[in-house]
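Visitor: Produce the entire structure from the sequences given, and follow the hints as far as they go.
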Amino acid sequence: MSEAVAEAEPEVKDDLAEARNQYLTFMLADEEYGVDILRVQEIKCWEEVTDIPNTPDFIKGVMNLRGAIVPIIDLRLRFSMESVEYDTQKTVVIVLKVLSEKGERTIGVVADAVSDVCNVSPEELRVAPDFGGAINIEFIRGLASVNDKMVILLNIDHLINQGVLQHVQAEATV
Amino acid sequence: MSIDLEQFKEIFFEESFEGLDAMETCLLQMEGGNDDLEIVNTVFRAAHSIKGGSATFSFTAVASFTHVMEGLLDDMREGNRAADQEVVNILLQSVDLLRELLTTIREGGDVDESEVSDLKEALQVLRGGEGAQAVPEKEVEAASEKRDIEEWEISFSPDEDLLQTGNDPALLFRELAMLGELSLTYDASRLPDFEAMDAELAYLQWKMTLKGCSDKAAIEEIFEWVEDECDLEITAVQPDRRAEDRREGDRRLTSRRTGSRREKDPQKSKAAAASSSIRVGTDRIDTLIDLVGELVITQSMLSQLGEDFSMDKLENLKTGLGQLSRNSRQLQESVMSVRMQPISFAFNRFPRMVHDLSQKLGKIVRLETTGEDTEMDKTVMEKINDPLVHLVRNSMDHGLETPEERRAAGKPEEGVVHLSASHQGGNIVVEITDDGRGLNRDKILSKAIERGLVQEEDDIPDQQIYNLVFLAGFSTADSLSDVSGRGVGMDVVRRNIESLGGSVVVRSTPGKGSIFTITLPLTLAILDGQLINIKGQTMVLPLGSIIESLIVDKTQLNAMAGESEVYSLRDEYIPIIRLSEVFDLSDQQDDLRTALLVVVESGQDKVCFVVDDLLAQQQVVIKSMESNFCKVGGVSGATILGDGNVSLIIDVNDTIRLAKELGMEHLQAQQEQGNAKYKQARKMLEVTG
Chain B
1 MSEAVAEAEP EVKDDLAEAR NQYLTFMLAD EEYGVDILRV QEIKCWEEVT
51 DIPNTPDFIK GVMNLRGAIV PIIDLRLRFS MESVEYDTQK TVVIVLKVLS
101 EKGERTIGVV ADAVSDVCNV SPEELRVAPD FGGAINIEFI RGLASVNDKM
151 VILLNIDHLI NQGVLQHVQA EATV
Chain E
1 MSIDLEQFKE IFFEESFEGL DAMETCLLQM EGGNDDLEIV NTVFRAAHSI
51 KGGSATFSFT AVASFTHVME GLLDDMREGN RAADQEVVNI LLQSVDLLRE
101 LLTTIREGGD VDESEVSDLK EALQVLRGGE GAQAVPEKEV EAASEKRDIE
151 EWEISFSPDE DLLQTGNDPA LLFRELAMLG ELSLTYDASR LPDFEAMDAE
201 LAYLQWKMTL KGCSDKAAIE EIFEWVEDEC DLEITAVQPD RRAEDRREGD
251 RRLTSRRTGS RREKDPQKSK AAAASSSIRV GTDRIDTLID LVGELVITQS
301 MLSQLGEDFS MDKLENLKTG LGQLSRNSRQ LQESVMSVRM QPISFAFNRF
351 PRMVHDLSQK LGKIVRLETT GEDTEMDKTV MEKINDPLVH LVRNSMDHGL
401 ETPEERRAAG KPEEGVVHLS ASHQGGNIVV EITDDGRGLN RDKILSKAIE
451 RGLVQEEDDI PDQQIYNLVF LAGFSTADSL SDVSGRGVGM DVVRRNIESL
501 GGSVVVRSTP GKGSIFTITL PLTLAILDGQ LINIKGQTMV LPLGSIIESL
551 IVDKTQLNAM AGESEVYSLR DEYIPIIRLS EVFDLSDQQD DLRTALLVVV
601 ESGQDKVCFV VDDLLAQQQV VIKSMESNFC KVGGVSGATI LGDGNVSLII
651 DVNDTIRLAK ELGMEHLQAQ QEQGNAKYKQ ARKMLEVTG
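Residue numbers (the working numbering), protein chains in the order written: chain B, 1 to 174; chain E, 1 to 689.
Just so you know, the hints here were simulated from the structure itself, not pulled from any lab data.
Worth double-checking, as some hints may not be accurate.
Stated by the list, open to error - Distance condition first, Cα-Cα at most 25 Å in a straight line; then the derived SDA-like pairs of lysine to any residue: (1) E:K631 <-> B:E104; (2) E:K683 <-> E:R657; (3) E:K535 <-> B:E47; (4) E:K623 <-> B:N155; (5) B:K102 <-> E:S499; (6) E:K623 <-> B:V98; (7) E:K631 <-> B:Q169; (8) E:K623 <-> B:K90; (9) E:K207 <-> E:A188; (10) E:K606 <-> B:N54; (11) B:K102 <-> E:V621; (12) E:K383 <-> E:K535; (13) E:K631 <-> B:G61; (14) E:K216 <-> E:E153; (15) B:K97 <-> E:S627; (16) E:K535 <-> B:E48; (17) E:K623 <-> B:H167; (18) E:K623 <-> B:G103; (19) E:K535 <-> B:T88; (20) E:K660 <-> B:H167; (21) E:K606 <-> E:D528; (22) B:K102 <-> E:G637; (23) B:K90 <-> E:G644; (24) E:K631 <-> B:K90; (25) E:K631 <-> B:V98; (26) B:K90 <-> B:C118; (27) E:K660 <-> B:C45; (28) E:K623 <-> B:Q169; (29) E:K631 <-> B:Q89; (30) B:K102 <-> E:N496; (31) B:K44 <-> E:S627; (32) E:K631 <-> B:N155; (33) B:K44 <-> E:F8; (34) E:K631 <-> B:T88.
What the hints assert, rightly or not - Some chain B residues judged to face chain E by a derived CB distance under 10 Å, without partners named: (35) D51; (36) G61; (37) Q89.
To be verified - Which chain B residues stay away from chain E? Per the calculated CB distances, all over 10 Å, these: (38) E48; (39) T55; (40) A68.
Every residue, glycine too, gets a C-beta built ideally from N, C-alpha and C.
Guide: Okay, here's the thing in structure tokens:
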């Protein structure tokens, strides 16, 4: 009995370690982005949201997620890409858990499609060059090649806390 | 098979604190000259149950103290003692001490024995020194000898003040005798001459032999409560060699330990203290159970209907659903009412505070309360307590004058502090009124100028000046006292109240007194809402803030300075706010002729909101936007409607602020202008009429 436990444990650890290096990738235009898979709570189809007044346009609104009020963010708009019509069949919302000093938040991001789950070990991560675009370099954890394609791995906590919420608050106080 | 007493401790504490509150109220009534026997009985009963409870949980200090207190109360009950000032004061002190003791025990702290014995002594002195119990001096001889079971030798020399902590050696001996055969000899060598003897001190020492007893722990347990107040030696004696080995007893315990028992408690009790509970009347629980019963019946009816449904049963289905919605609404109301408590819970602590404070300040103060039955949410009440205490203290310290000053001002010597609570719309209004000197306008103003809060040349209405006291670091008291005057209070008061979604204002008349008005929302979780439609979006407007809704009468529309408009309704000109503009919902201007106007009020402001349509009225559950997002201007929260969609709840106050910011600063000016125009028109009419 005790042996079985001892055997099982490393396996669990391996799983976790493996999951830590796993990323869910999704498409925005033709670019592939990735988020830490442990942060993904669920993936759901796009449905109508309620607008929030006086917020930047990348805040699409709020959605009822089983009784919780969850804000939905359009990353295309946040990254100053061209916006597209949402399609209830294809457009997806990835519900993520975001950590901040104030605790945990649940937010949704809109993506064109979910593509894959891939493994990227820390050694494979490449530092993104600072090209001064709409995506602040701080929001990117690194770049990785998966199947000869570049995937941009996002630092979701930083992106949401600094890149979105602070933005909204700053706008609200102006 | 020991019963875990831990789970009952919390209940005991709560009941005890309630009992103490009741005692306090009654004692204050007694002080007012009410010597009704029933009041004494209430106090006695409360003391008695605290005594019983604390003895069960081995809180000896409390038990022994209440015992002495009970003695005094018993005298009063028997009519042997009148409830004079001295008695009431000492009893009030006792109540304080007990409260302190219980709090200390609850938090696992150390009990300050000296304070307890001081007051206990005072109580005994008051009773005429009857407190000291007769010391049993006769030998307790145990009967026949038993066989070779372990035997113990106990030497017990109590400290002189053992009796004053309510312990009685005779009781200890009786308990020992229950463990086995006890033989006992006393040593009166410490006994002084009769003249020098103090009846309340213990002089005797004892040597005991306990035969046929079990384990040492049982003996130690008996002495557990007195171990700090005596020299105790428990020695085991082997039956075969007890004569010779008496001295070198194999196990020896010298007991002069200090507080070893107490040290292990803290963690345990602290965890218990953190949990909060609520007392709910059984009638409310019964209603809940009834309602749940009805709900179950409705549910089974509906599921039966669903099993073989056909269109001709549609009518039944509709009735069933109607019943379901009625049931759930009633259930919701009752569940919410469980959280509601009358504000008397908060008010009841004030008589005592006023009593103590008036003595300290040398002022004569009468406290009046009205509307104690007003119910409010428990959370709101807990948070409102401190601000209330602060405001009452302030009124007494700064507001009310000394008797001499009052006489000089031609007022009765007795000052009045009035606490009142009432429902007003969707709010609870608590007012603290005093008939003192009122706030000093000039002093506040000069202080405000000194601190750069206002400009000297600013022309500020008096009432606005008074409200400056709520700003941080503002105190006008010339000298600091330990009652108030540090200027940290008022802004904390305001912050606390605002964190509950309430507001506080002060009105004052020099020489006549001041009134602090606190407005609070009824409950924090559920709101009566009016659903409205603005450009296709459904939003919720708190029903409590709506005064009326109306169809636009074109002739009453007045455009001022081109853009913004006011609507003349009866005697007023009310500014119009286009919600679609404030919330940036549409670029299209509303056509006011087809829109509806909702007149809302928030604080002093009264405005018209332009909406496209009024939808249903329903209760909505408020959900925070901040938990997953951040504060949104003009919105107090969100809710989920019956169809699963999210709807935003409008914060009327903030919306008005937004509207003002939105280039509508002229609003106020125009309103005044409008009113002036109206008055002018009226005057013209009067002249011509």
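Visitor: Compare the structure with each hint and give your call.
Guide: Now for the hints, and whether the structure bears them out:
1. With a C-alpha separation of about 16 Å, the suggested pairing of K631 (chain E) with E104 (chain B) holds against the 25 Å cut-off.
2. A C-alpha spacing of about 33 Å is found between K683 (chain E) and R657 (chain E), which places the hinted pair above 25 Å, so the restraint is violated.
3. Proposed proximity of K535 (chain E) and E47 (chain B) is supported: the alpha carbons are some 20 Å apart, at most 25 Å.
4. With a CA separation close to 28 Å, the supplied pair K623 (chain E) and N155 (chain B) exceeds the 25 Å bound.
5. Of the pairs offered as hints, the one joining K102 (chain B) and S499 (chain E) holds, with about 18 Å between alpha carbons and a cut-off of 25 Å not exceeded.
6. Proximity of K623 (chain E) to V98 (chain B) is assessed by CA-CA distance (about 19 Å); at most 25 Å being required, the pair is judged to hold.
7. About 8 Å separates the Cα atoms of K631 (chain E) and Q169 (chain B), which keeps this hinted pair within 25 Å; it holds.
8. About 30 Å separates the Cα atoms of K623 (chain E) and K90 (chain B), which puts this hinted pair outside 25 Å; it is violated.
9. This hinted pair checks out: K207 (chain E) and A188 (chain E) have alpha carbons roughly 11 Å apart, not beyond 25 Å.
10. Under the criterion of a C-alpha separation no larger than 25 Å, the hint pairing K606 (chain E) with N54 (chain B) is consistent with the structure, at around 23 Å.
11. With a CA separation close to 24 Å, the supplied pair K102 (chain B) and V621 (chain E) stays within the 25 Å bound.
12. The straight-line distance between the Cα atoms of K383 (chain E) and K535 (chain E) is roughly 39 Å, outside the 25 Å bound, and the hint therefore fails.
13. For the hint linking K631 (chain E) to G61 (chain B), the alpha-carbon distance of about 13 Å falls within 25 Å, and the restraint holds.
14. Using a Cα cut-off of 25 Å, the hinted pair K216 (chain E) and E153 (chain E) holds, with the two alpha carbons roughly 11 Å apart.
15. The straight-line distance between the Cα atoms of K97 (chain B) and S627 (chain E) is roughly 12 Å, inside the 25 Å bound, and the hint therefore holds.
16. A C-alpha spacing of about 16 Å is found between K535 (chain E) and E48 (chain B), which places the hinted pair at or below 25 Å, so the restraint holds.
17. Between K623 (chain E) and H167 (chain B), the direct Cα distance comes to roughly 23 Å. Compliance with the 25 Å bound is thereby established for this hinted pair.
18. A threshold of 25 Å between alpha carbons decides the hint, and for K623 (chain E) with G103 (chain B) the separation of about 17 Å falls inside it, so the pair holds.
19. In summary, the hint linking K535 (chain E) to T88 (chain B) is supported, as the alpha carbons are separated by about 23 Å, within the 25 Å threshold.
20. Of the pairs offered as hints, the one joining K660 (chain E) and H167 (chain B) holds, with about 23 Å between alpha carbons and a cut-off of 25 Å not exceeded.
21. A C-alpha spacing of about 20 Å is found between K606 (chain E) and D528 (chain E), which places the hinted pair at or below 25 Å, so the restraint holds.
22. Taken as a hint, the K102 (chain B) and G637 (chain E) pair is honoured in the structure, with Cα atoms around 18 Å apart against an allowance of 25 Å.
23. The straight-line distance between the Cα atoms of K90 (chain B) and G644 (chain E) is roughly 22 Å, inside the 25 Å bound, and the hint therefore holds.
24. For the proposed pair K631 (chain E) and K90 (chain B), the alpha carbon gap of about 31 Å is over 25 Å, so the pair is violated.
25. Taking the CA atoms of K631 (chain E) and V98 (chain B), the gap is about 17 Å. The hint holds against a cut of 25 Å.
26. Note on K90 (chain B) and C118 (chain B): the hinted pairing holds, with a Cα-Cα distance of about 21 Å set against a maximum of 25 Å.
27. Between K660 (chain E) and C45 (chain B) the alpha-carbon distance is near 40 Å, which puts this suggested pair outside the 25 Å criterion.
28. Restraint check for K623 (chain E) and Q169 (chain B): the C-alpha separation of about 19 Å stays at or below 25 Å, so the hint holds.
29. Our distance criterion of 25 Å between C-alpha atoms is broken by K631 (chain E) and Q89 (chain B), whose separation comes to about 32 Å.
30. For a cut-off of 25 Å, the pair hint linking K102 (chain B) to N496 (chain E) stands: about 21 Å separates their Cα positions.
31. A distance of roughly 21 Å separates the Cα atoms of K44 (chain B) and S627 (chain E); the hinted pair therefore holds under the 25 Å criterion.
32. The straight-line distance between the Cα atoms of K631 (chain E) and N155 (chain B) is roughly 24 Å, inside the 25 Å bound, and the hint therefore holds.
33. Pair hint K44 (chain B) plus F8 (chain E) does not hold up; C-alpha atoms about 49 Å apart against a cutoff of 25 Å.
34. Restraint check for K631 (chain E) and T88 (chain B): the C-alpha separation of about 29 Å exceeds 25 Å, so the hint is violated.
35. The beta carbon of D51 (chain B) is positioned within 10 Å of a beta carbon in chain E (closest approach about 6 Å), and the interface hint is therefore held.
36. Hint status for G61 (chain B): holds, given a least beta-carbon distance of 8 Å to chain E, under 10 Å.
37. With a cut of 10 Å, the hint placing Q89 (chain B) at the interface with chain E is violated, because the nearest CB-to-CB distance is about 20 Å.
38. For E48 (chain B), the non-interface assignment is contradicted: its Cβ lies about 7 Å from the closest Cβ of chain E, within the 10 Å cut-off.
39. For T55 (chain B), the requirement that its beta carbon stay farther than 10 Å from each beta carbon of chain E is not met, with the minimum near 7 Å.
40. Consistency note on A68 (chain B): stated as away from chain E, yet its beta-carbon is not over 10 Å from all of that chain's, at 7 Å minimum.
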